[in-house]
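Going line by line, the protein sequences match chains Z and A.
Heads up: the first sequence at position 266 corresponds to 266 in our numbering, and the numbers run straight through without jumps.
Heads up: the second sequence at position 422 corresponds to 422 in our numbering, and the numbers run straight through without jumps.
I should point out that these hints are in silico values taken from the structure, not numbers from a laboratory.
Quantities reported herein were computed from a predicted structural model and do not represent experimental measurements.
Incorrect hints may have been included.
Computed Cβ-Cβ distance ranges for the label pairs, DEER-style [to be verified]:
| hint | chain 1 | residue 1 | chain 2 | residue 2 | range |
| --- | --- | --- | --- | --- | --- |
| 1 | A | Ala35 | Z | Asp96 | 49 to 57 Å |
| 2 | A | Leu303 | Z | Asn251 | 48 to 56 Å |
| 3 | Z | Asp342 | A | Glu44 | 25 to 33 Å |
| 4 | Z | Arg336 | A | Ile141 | 36 to 44 Å |
| 5 | A | Glu198 | Z | Arg336 | 27 to 35 Å |
| 6 | A | Ala40 | Z | Lys19 | 12 to 20 Å |
| 7 | Z | Asp421 | A | Glu198 | 54 to 62 Å |
| 8 | A | Lys82 | Z | Pro422 | 37 to 45 Å |
| 9 | Z | Asp346 | A | Ala197 | 34 to 42 Å |
| 10 | A | Glu198 | Z | Asp96 | 47 to 55 Å |
Glycine included, C-beta positions come from ideal geometry on N, C-alpha and C.
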Amino acid sequence: MTKLTGLTIAQAREGLKNKEFSAVELATEYNAAVEAARPLNAFITETPEKALEMAKASDDRIAKGEAGIMEGIPLGIKDLFCTEDVLTTAASHILDGFKPQYESTVTTNLWKSGATMLGKLNLDQFAMGSANITSFYGDVINPWKREGDNTDLVPGGSSGGSSAAVAAHAVAAATGTDTGGSIRQPAALTGTVGIKPTYGRCSRWGIVAFASSLDQAGPMTRDVRDASIMLEAMAGYDPKDATSVNVPVPNYEASLENGVKGLRIGIPKEYRVDGMPAEIEKLWQQGIEWLKAAGAEIVDVSLPHTKYALPAYYIVAPAEASSNLSRYDGVRYGLRVCDEGDSLDDMYEKTRAAGFGDEVKRRVMIGAYVLSAGYYDAYYLKAQKVRTRIAEDFNNAWKSCDVLLTPSTPSAAFAKGENSDPLSMYLNDVFTVTANLAGLPGISVPAGLDSNGLPLGLQLVGKPFDEETVLRTAFALEQAAGFEAKPQFMAG
Amino acid sequence: MTYMIKGNTGDWEVVMGLEIHAQVSSNAKLFSGAATTFGADPNEQVSLVDAAMPGMLPVVNKECVRQGVRTGLAMGCEINLKSVFARKNYFYADLPQGYQISQFEEPIVKRGKVTIDLEDGSTKEIGVERLHLEQDAGKSIHDQHPTQSYIDLNRSGVCLMEIVSDPDMRSPEEAAAYVSKIRSIVRCIGSCDGNMAEGSMRADVNVSVRKPGDEYGTRCEIKNLNSLRFMKQAIEFEAKRQVQILEEGGSIDQETRLFDTAKGITRSMRSKEDAHDYRYFPDPDLLPVILEQAWVDELAADLPELPDVKKNRFISDFGLPAYDAGVLTAETENSAYYEQAVDAGGDPKLTANWVISELFGRLNKADMSITDSPVTPENLGQLVGLIKDDTISGKIAKDVFDDMFSTGKMAKDIVEEKGLKQITDTGAIEAIIDDLIANNPGQVEQYRGGNEKLIGWFVGQTMKASQGKANPGVVNKILKEKLAG
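Bound-form chain A, shown alone (with noise of 0.2 Å):
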């Protein structure tokens, strides 16, 4: 299924490229003491280092460091021994050193490949260019007095992973399953909580557009999408102004800009023109990074199995379609869920039907996470079991489930209580059949007669004589059998 867009001329393919910002999980900042709790009162979270008072020194946090060269291993990349700070210079207002402490020539985390789960079950490698530590600048707010801007420096100094992709995406939708991807993987890992909506991960997008076979086009910089929806309109918007652009004989302007979430639009921020020379130079006040391999070697051997390698057992021990396999090992919890409902249930296939279409269903609707699923792991395995060693019917079941989820009981105690048990006592459905048959001589002389088709008839007659509580299987048997006089 390949992404065009239809031009005039013909179509345009769509070349993107990302750069996520993922924040390190730390309880300090990458350069100070500082705290990093998400909703602090503005300018609470600041230390003398990160409001840039004169003299003072920033010192790394180790913790931040090894987050970044987990993830890095998480991605399949080469960790740099040796990588360097270096000073990234501009003036803005919620900039206080007046540069940005950055990673630029040497990173600390180089070349890697991410898999990405498409929709149809396919699956995509992406190239990952490189990985880079970086503090993130402060809050500038415009809102609150009418000639002035107010300045939260909470979020400034707070350790960024600038994670740098190829231009390999094609579509919105892969540029999603990247996020997605690479979500999956920080948050497995524990370096980012991967919270979009808190700001704690953001992707910038590269666009271009070319025909098929061409060079890449110019690219335009869309800034800071922090949700996956937001980012498919942008670039959908994008590459059907940039297409638009050509096909009027016009051209691109290489340029940063945002996306008009009210309006879905993209608007220029800033052009190539206006770009600034950084004047990037090794910050002296920092030595360089040096790693030993033997510390590498153990993070990487203390890493948690990674979604992908989850998702590859799960199609292989539990016989899974890879696109489920891929839905359930996106999220730690999750596939945590997941095996602990298969542990108690037994049925890897049928658990993950449950857990996918039912749970995530309903889940979804009452806008709740899976953490605060109402219905544990261990009674969904439950509810499994009482399908599979055929206590209640699969139709039951939802009914069943339905109730778990309003009331958080248990599945044995809800069948019990409402007696929804299936009946699967061969006598007291021979007893409901030879009742059918008595009273229904009219059908059962057509079936006779090869009307085969009746069959279902009398199955629904019997199990609505039974309250939905026959087991199918059981009746269809014996219906056969009598029916064949």
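Looking at chain Z on its own, in the form it has when it is part of the complex (with noise of 0.2 Å):
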């Protein structure tokens, strides 16, 4: 029999259904696979007890038949969402020993379609990174290695506690989370699926808010089937999300094998960056021909303010999370340091400078300073600006097309190390933030290997609270690719 953490989540479901095995039986090997995983470093904290005791919940509906679309699916959550009694740290020191009294409303709903907990998935220090190199966790290993070469790699990040956990088969999918990419780069820097639904669509209640106008919620799962299924058990509308928007969520796998025949896809000449590898810019190629030969038609569109966004990005986000950081005091939760007969200041300063990791500094410094006053217009502003430009050349776009297909990342996993100064490391995202910056769908596919043997992503982008042609094209690309290679460490 083949190992049960090797089926997606569609197969294991029908494992289920059929009663070839029990959510418990489920929930007993990837509680194995997680200890298995340990040395990707991928989990801050395992839940195996609670995975078996939701998995006991989930049989005892699938016997009565009240299975739920991800009944006995054991996840992987991102330690960025809350999750009751459960600790949460956001990867950061800062909430040591935070245990929350209620949970995110995305985890709620997950539990409410029957997937079941094996634990909390380790992150970049509030979601600021590129690489899972700032948790105070420590880094997590990418299960992949070039061919011949057995130098530790990055996973991606913020996410990458649950790209790396996803391609280990060491958790049937995961939650990740979006700001810039950081769904989307770890998923391509491993092999993985992921998308970021249209900013709304996923409430962001209970999850630890990095920059609160670009986070978004999403799956990150094997492949694209897993993503759609999961993505309609987390997104919905919260009336307790002032920016959710109240629209029906659709089947969106009922719609993934109507095929992209007449779909008008658009290529932005503007991704074409400077010093972008063959590889990626041959792959893209790989990709437009792949789709073409499955009935879509190419269409060029410019993006023209594209090479504005990493800087507006830049901008924007650490200006926002500088303030939503700031609640990180040490008077309510979380760490607290302070001496006897220190003043209020001397606790504040000393509880964040132990408190938080350097990135997280670094954001808070840039994002304080481009708030300050004499420097808002010429930063804040402006950057809202081009935000502005950017969701216009997008809605020009959708004139002459219908999604659009770009590289997910400009280059491979990297060693810790090798271009991971924070300029260097603020340029993984530059393919990723325009979707962020515009509050639009996308996606990451995994469609092919570099030279090394290290995975590739290519990158759909849709219309707003249209996910359903994001999908339905990542799979008609997914299909072409054939995309079956396995990195070298797998957890199960």
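Work from the hints to combine the two standalone chains into their complex.
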């Protein structure tokens, strides 16, 4: 019998439905895989007992014929989602010992659909990073390695624990969050699928905020079908999030096989950036060919303000973060560093100095700077104007195409220390940030390997709330690419 | 009557602008479902949002928006159909988010004016620059522990309306009258209970001084004044302090000051150099508030009769002097009481006198509010009716009123029980007067000889003989007839 951890969500769902195995058996195997995955440092908190307890409840519901769309599927949860009574850290020392009294809306939706929890996944501290090397709980290791080279590589970030765990089959799927590419970039670097839905599609309630106007939760899975199933379970209007949008959530899986015949695929010329490796260019061309062969029409489009996206992003995101992270002050929860006789300011300074990592401090400082009197207009206001222009670029593009195809990242996975100075690190998001700035859905699909045998991804970006077209196109791409490679390290 | 500070170099004019913080009367906070009742135990009314737990998000309470718009309409302001909540960033232990959600560049209400009533019966218009909605902070308690401070978050997130005036006030009296008028308006429409003692309404006063005709001087802001008396004291002190500094050749530092109620002085709280850079920016957790004109129009149409309109009606319909009308319409409860009393008694002017001088005086002395008055408006109206139809004299009425106030009994019953009915029966009065004339021939002689002042003595004697119950008008008339011989 094949390993249960080798099954996709869709396959496991069939197996459970046909009583080939129980949810408890599935959870048990995954608990072992979580343990086996420890060398990757993908988890901050493992919750094997909770997994079994939830699996038992799933088996009961399956027996009663009340199975939800994710019934019995064991998930890893990015440790940015608040989970009731389970340590929630945002990978930061400052949330030391914090166990929320509440459950995020997205995880609540997942549990309602029957999913079970294996644990909380590592990430870049407060989701700030592109390599998962800023976590207080240590770096996450990519299960992929270059052929003939044992150097540890990064799994991407910030959802690096999620991407590593999904790639190594330590979890059936994982939640991620994406502020500038934090789902799509790690998915691309680990040969997995990650979709950031339209801003407002998934509730942000109960997710530790990084940059409120950009943050979106989404699924990270082994294939596009799983992404469709899991997104349906996560999404939905939430009156507790004022930016959540009240539109119906379709059955994404149902339209996957409708094909792309007649669909207009836009190719934005501005995404051919200087110094882009030939392999990436080649893969992009290959993607164009695949979709053309599947019956899609290829359209050249222009998104003229693309080059301003990254600088605008690195103003807006830190600005919002600097304010969002003010609540971590040592007063009510988490870490407090304070000596007898210290003033309130002493407590703030000591707590935040000890609690935040360097990257977080860097962004808080950048954010405070761009919002400060005398600089606001030149930075924050200007960046917001750029944002409007970028959104207009997309609106113009939608006049001639239905979905955009671009590379996901400018490179494959790299080792810590390679191009990991803060500025080069920021360039990782060059293809992904535009979708966040414009609030659009974007997906990364594994499409091939580079010359070192490392996975590369292609990105599709769609119209607002048109995840259906994005997923359908991604499915066609996936079918054509036939990506079957597995990482060197497998936990399950 | 111009208010001036006398200095060694001449008169100084005092200029004031106010920021009034009025707590919206709503069951829930501005961005969370937590309750807002005054007097709950510390941290009993705190939601996850108010405590700024990770991942919590604000959602605007529509009732707060509604009350903000109604208040703006009641002050004759323009309503901004689009307004934006912004974050005002600063660190303080009782500010859990590390920012206050307020409105900065695009408030919900702008430009209006209110008319204040001064004691000499004159009025003055004070410009209202804006009204915006914002969250209140929590409370730091420093006296419960030798080295630590305690935090009570019950007020954290409570909705405040900040009403900002133009620098139009020129005396402590005007500032107090302005606060009274705003209080009267918000209480009238029910958007705030106006309770200054419980902190539902408080004012920050910007004070500067200048020689008449000069440019505005540098201002100091006195924070958190929660009674009109303290506010007047604080302004007086602050204006004199500034005059003294300027006359000694110094200059005023723009700063925030606190009023020490025990010592009656203002103290520096923080100077401009320590001023925070609040790093305002639109709150990305909240979308702009977009209102429909039709909804605003509906709210405008549904507003109750406002104090100024009522005041004018009292002047024109009831013939009251402006000051009386102002006093009676300052509080909805007062005007309601008055109108009910008029309905029952029928004489608006007389009723106004009785309400203002007799009832308010006694309520004040007993430290009672009009809603607790032992004399119902119907009862006061009844008393006025008894005076008007000559059943009792005004003098007797005061005794009756004392009785009504202490026992709550109806005026008619008291008059009946105590036999206080005025004697208007001319026969009875004639008998008394005939007696008087017969027994005092000397006085009669003098009167008839031209000493007409003696009429007063005769009236007094008649009243005395009737135990005050004789109708003075009738007494006068009969006396004059009979004395004329």
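Structure-based check of each hint:
For the hinted restraint 49 to 57 Å between Ala35 of chain A and Asp96 of chain Z, the CB-CB distance of approximately 31 Å leaves it violated. In this structure the hint that Leu303 of chain A and Asn251 of chain Z lie 48 to 56 Å apart at CB holds, the actual value being about 50 Å. At about 29 Å, the CB distance of Asp342 of chain Z to Glu44 of chain A agrees with the hint of 25 to 33 Å. Between Arg336 of chain Z and Ile141 of chain A the beta carbon distance is about 18 Å. The supplied range of 36 to 44 Å is therefore violated.
Taken as a hint, the range 27 to 35 Å holds for the pair Glu198 of chain A and Arg336 of chain Z, whose Cβ atoms sit roughly 33 Å apart. A hinted range of 12 to 20 Å for the beta carbons of Ala40 of chain A and Lys19 of chain Z is inconsistent with their spacing of about 55 Å. The supplied range of 54 to 62 Å is met by Asp421 of chain Z and Glu198 of chain A, whose beta-carbon atoms lie about 57 Å from each other. Separation of Lys82 of chain A from Pro422 of chain Z is about 38 Å and conforms to the stated range, judged on CB atoms against 37 to 45 Å.
Hint check: Asp346 of chain Z to Ala197 of chain A, Cβ distance near 36 Å, so the stated range 34 to 42 Å holds. Checking the proposed 47 to 55 Å range against Glu198 of chain A and Asp96 of chain Z shows it is violated: the Cβ atoms sit about 39 Å from each other.
In terms of the numbered hints stated before, the structure departs from hints 1, 4, 6, 10, listed from lowest to highest.
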